[in-house]
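Residue numbers (the UniProt record's numbering), protein chains in the order written: chain A, 1 to 396; chain B, 1 to 457.
Simulated from the structure, these hints should not be mistaken for lab results.
One or more of the hints may lead you astray.
Said to hold, decoys possible - Residues of chain A placed beyond 12 Å of chain B at every Cβ, according to the derived structure:
1. Glu105
2. His183
3. Val297
4. Arg387
Unchecked claim - Just some of the chain A residues that point at chain B, by a computed CB distance under 10 Å:
5. Ala82
6. Gly85
7. Ala304
8. Ala315
Yeah, the Cβ is synthetic: ideal placement off N, Cα and C, and Gly gets one too.
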Amino acid sequence: MSRIETADVVVIGAGIIGAASAEALSAAGMRVLVVDRGAPAGGTTAGGEGNVLLSDKAPGPELDLAVASRRLWPELIESLRAELGDEVARVEWEPKGGLVVATDEDAVGPLSILAEAQREVGVEAVDLSRDEARAMEPHLTDEVAGAVHYPGDAQLQPVLAATAMLTAVRARGGEVRGWTEAHGLVFDDAGKVAGVRLGDETIACGAVVNACGPWAGHFSVAAGAPIEVLPRRGMVLVTAPLPHVVGRKVYAADYVAAVASSDVDLQVSAVVESTATGTVLIGSSRQRVGFDEALQVEVLRRLARSAVKLFPVLAGVPVMRTYGGFRPYTPDHLPVIGADPRFAGLWHASGHEGAGIGLAPATGRLLADLMCGREPEVDPARFRVDRPAVIAEVRT
Amino acid sequence: MRRIVVIGAGPAGMAAASAAALHGVDVVLIDAGAKLGGQYFRQDALAAGDRFTLPRNVEHVASAAVWAIEPVDGGHRVHLRIGPADGPDRRGRAVEARALVLATGAYDRALPFPGWDLPGVFTAGAAQALAKGQGVAVGDRVVVGGTGPFLLPVAASLIGAGARVVEVAEANAAVTGWLGNPVGALAGWSKGGELVRYAGTLARHRVPYRSRSAVIEAHGSDVVESVTVARLDALWNPVQGSERRLEADAVAVGFGFTPQLELALAARCRVEDGFVVVDAAQGTSAPGVFAAGELTGIGGADLAASEGAVAGAAAAKFVGAAVEPPVRAMARVRSGRRFAAALNAAYPVRSGWHDWLRDDTIVCRCEEITKRALYRAVDERDVGGVRSLKLVSGAGLGLCQGRVCGRNVAELAGVDGTGFAKRPIASPIRLAELAEEEPVETPIDAEESGRVLGVEY
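With the rest of the complex left out, here is chain B (with noise of 0.2 Å):
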């Protein structure tokens, strides 16, 4: 029997199980969220149905945690718990495959400043995703901060959900400076309409939207009261003098994004520069694993769709399935790419950043780690590597393992920071489901995994 394993059920998720499917390979298919879309796609849990249908031979595991990859002979073994993660009655399963894809995705990155930790102040992708899933506002006055094209949506749909945004501070140059240009690196770029869109949202709303601007500080003395917003020189040093303080009750921001890393690294994929390696087939260092979407780099769901489907026809062809190269979405992945390496190198994060913070600014929320502990421990003990800076400042040790700080401190640091993406248990496991024996489903047929079937395009 021909079957790979899909973790991620997002655009590129979703595209790797199908395209699996059709060439008649079994797919399950594991996935956090209730239903499929991921973050992108997010669809209301409480309504009927699901927007997307998929091929029969797709299993889709839904409410379910991937906690653990481990290796097996001639290929993976995937240990998930299934249930609402709070509830006491996760039931455990484990599923080997010869193939697996990994479309894990990313989660958005806030950097730190003076006040980030009040109540209040929130990460773009969690104001857009209760805005768009539940219709709620984080505030009635919101600044959104950051950079990329992604704060756009966001005011829009904080707008939708009722929110006033005081202000749109873009650390990098305008979005919108772009978005007109015939020729320039992104013309033709798929959500270029989208964003046309939007931008025209901000100003049916009279929404300010400033470049080379930031949120440095947000004051208050229980929750967000106001915040500051100054200009910002190349490198993202404040320009001295240009602070203006903004009322507002909420603060939305966002830097980019941050590849979900674990699984991949628990699967020994090959990562550089924060992102998994790929060949033109999205196959990574590792026999058999495949990776697509953001996990590859930060390209938004038309191209991580576009690698989804690369990586399901690929692992289907791993694992024996007779596959003619997609070569239609392979073209789609290179264009893709293009952009995506335009956009980032139009939205990257400076390090100015590094002097927002005061000394007393908390760079850990879980273990309340201060920018002066950071320092300290770093120059007192002259820590060069990710696992002992973890040890000797406490940074990166909570419950949150390092999701939220660990490239923010890894930079502070001057250390190499995907060691913080280092997490064997993918996530929490209770100690009694840790000891339960779970059944093994489907275990790899040791004769068929003798075979090694390389692929290549």
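Only chain A is shown next, with the shape it has when bound in the complex (with noise of 0.2 Å):
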């Protein structure tokens, strides 16, 4: 493949979001090159389950997001297949559904508070008793006080999935560049963004994406214009493959308070699916550690100890392997999307936390909309670099 040396736009970081963002800056005509200082789909994106979820988000701005790209993924997916063929489409999409449930009666309460609030912007999410759920889960433990049914949850692979995006670049005549790190950006006169160093190389471009996830911070550093996103590490546990035991993406009601947390410490809230393969994942943790990647046993007995209260017949299923990753982190946890303040051509694109995954193809919609000055179809206001839980100082 040739390489090329100028760019509409150079996008930092081939994650999910990355690749979302090209593809979608691609799609609208624009030549994209791509770089990443690792493989590329080889940080978070690799480090996640692969939810593409409704139910753990609260009426808002990121629930607005995430409906827009719980409609998106299946598009994207079929019109992949058709630009690239179905061995690039293969993505293992699931539109399992999730089921949240609560296992004491003081959860109860709050669940169905929340699923009343999602239900009312739209999110299909159904009550259901003990009985019902354990007729849909029937491995599921019978101290199940309240469960809340979410059809529109579903579950990709997210490697097969930032894959695809990143061969659909290529055949638009973009490029991406693996091992390659950006060390910071190039202006013209007028101060606006004019290109981007790579090593000894500089590429002349007319925009730079920032779509580095958890290190978005570091690069926005280098590149001048700095922005408040951390890392906030989470670990799976793999199981051998089994004869199916789980069918949706099964978790515990407390997950979404432990996603909407901002706690240093350690919170595991049991999160239980199986995949393609028949392998059972159990996530998730949370822990703000910086880029300690340094195994905790105490963080996967808490994960073991979750699962088997949802599921007690996986008590005696052998786990396999474990793997983890850092997660984009937001002080107030919403994504960064949208152009930054200091420097025209400079735009940011990450804190997506662990919901990245899910909320890829409409954040990669929503950048190449405003870039292109489309109407976007999601507010863009919320997401708005310059709030001040993401930049300390505004300089225009």
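Could you fit the two chains together into a complex? Lean on the hints.
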């Protein structure tokens, strides 16, 4: 593949958000170069479970983005299939629905209130009795106090999804360059972004998108326009392949509170689901420990306990491996999508925390709409870069 | 109290445990086997007694799987499950120590070829273990293939167990070529005499030994019925027209060894070219972590034991024992490494094997990933690292977690394969076992661990 020397847009970061942004921009006719300092789709995107969730979001801007994204995912997969063929478009998309389970009475009230509020904004959420929940998931614990079924929740394999979108970018004349670090920006006389420095090479471009996920803060500093994006560590356990045990994405009701919290300390909340190959994935943990990758057995222990509590039948099942990664976390738990107020031509798309896979297509679309001057479907105001939680000092 | 943990009770681990214990340090020696000795000195698990004895201050924890190593303040916490791997009653235990010696050894490498997934195809190591440990031959007519001197004892063991060895196919130059060469790079190698005896056994049984040859295909509908052996050029491409079909009901293949790296990676030791990097004291890049034996390079049992002696002494010194540099063991390590380097240079794996595979040849057996599917994942999705390669191709995600296929898949895909050995859960553990609180024995004394002791020879 020939290396391109100039681009309309350079996207920094070849994870799911960078890939979706590049896909949307190249669909709008732009020539896009995507660079990543590691292997494409090898960071946070390879460290998650592939959640495409509506259920864990309270009404608000993130749910709006999630609803748009949930509609876009199957459309996007279909268009990639038409453009690139079945094999590339194979992303293990499973619209299998989610089941949120309260195992103690105290959790039932808040769960029903959340579901009611979600229904009011159009999310399908069905309150279930204990027996109805166990009819849906026969191996579920009999200690179900209440449950809500979310038919709209889905799952896909994020590395397949990201690499499929990157393949589309290449097919449209763009390029994806792994193992290439972006060191900073180059500006023209008017102070507008004119290029990006990659090692000893400079690529001329009209715009740069910071899609570095949990490392977006690092790149923003290198670019001279700091934004507040921090890593929040998570671990997943993977069992040996099993006969069918778990049908949906099943998680404990305290997951919603854990997602929304800002706690530094370890938080663990069960999320259990099967994959296409028969393994069961068990999440989720949240810790703010910087980029420390050291194994903590206590995290694995609590994951195991929470999973066995939901599905006692899993107790004897062997865990084959564990993996993990760092979610890009913003202090107000909302993604950062939009133009940097300090430098014309610098854009950010990051801070999706644990929801990046689900939010990717709508994020890419929103970014492309804003860059192309089109009317966006989702209100971009709450994701803007110059909000106090994200940017300390705004120079205009 | 001065204490170290040694993981692996083969030649390297036993030597490390003895050396540290002789310096007055308590040793917890952990091994997966029921008895001491590891793969090399495999003992009959059912026979009474143990042919090895270790100093009294060595606690041998047998039948134990180390499933995680976790950093703690001032040292390391080693998590074990003790008991038969498939049994329901494994006991949990966690041991802390300021210094670790990793001596986890290596397992033999199989290269894929069409038909390698048929019943009747064994690794040379498995065939050897069955023959030596239980007197069972893997077949009546066995072809032994691969590279390196290890093929000779494997063939001899098969003969000893009653099999007819149809042929030994060595992909590089003949082992026997340099055995008798008094000025060759391997002259004086302590194993030379043993190999001459094995070669004698093969000659007496009229076993053809062919150099620059390999089993490039196994045939059979349900089990191996015959194999194709071809001559190879210098890059291991089969020479057109040299193919011969041999009747056989079993094949034993061994293409060198792959170190068992997961615990070293968990302890954050630096790995280069597939082996743990060590200094003259067998110290790794991780403070307080020492490595010995095949982890640091493939060099056989004598070198492993010498490295173990050095590592055990260095670990003892690290935890505060008065230790004189083990100069004799260090000298043996230096000379052993020279032989090992020469041996490894004489028996490389060449890339021609990639072309032995057909499109539909399985490269990852657990997940049944074919060469075609692997190449398609690489080409169409342009993955550049092991993590994404695994997730787009499925290779290495199955039960063996890339232990069998990792190196081969990485080589085919053109990526660095070390990532395949990253297994923070180093051996499978049931969810209920994982959920259990395990007592932490002998936690590190915080005050004691505050002292930093370097090891310099």
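Comparing the hints with the structure gives:
1. Every beta carbon of chain B lies more than 12 Å from that of Glu105/A, the smallest distance being close to 24 Å; the non-interface claim holds.
2. Residue placement check: His183/A keeps its beta carbon more than 12 Å from all beta carbons of chain B (closest about 19 Å).
3. The beta carbon of Val297/A sits about 5 Å from the closest Cβ of chain B, which is not more than 12 Å, so the claim that it is off the interface is violated.
4. The claim that Arg387/A lies off the interface holds: its Cβ sits roughly 33 Å from the closest Cβ of chain B, which is beyond the 12 Å cut-off.
5. A distance limit of 10 Å between C-beta atoms decides the matter here; for Ala82/A the minimum to chain B is near 16 Å, and the interface restraint is violated.
6. About 9 Å separates the beta-carbon of Gly85/A from the nearest beta-carbon of chain B, less than 10 Å, and the hint is met.
7. For Ala304/A, the suggested interface contact is upheld, since its CB lies about 4 Å from the closest CB of chain B, less than 10 Å.
8. Nearest Cβ of chain B to the Cβ of Ala315/A: about 4 Å, under the 10 Å cut. The hint holds.
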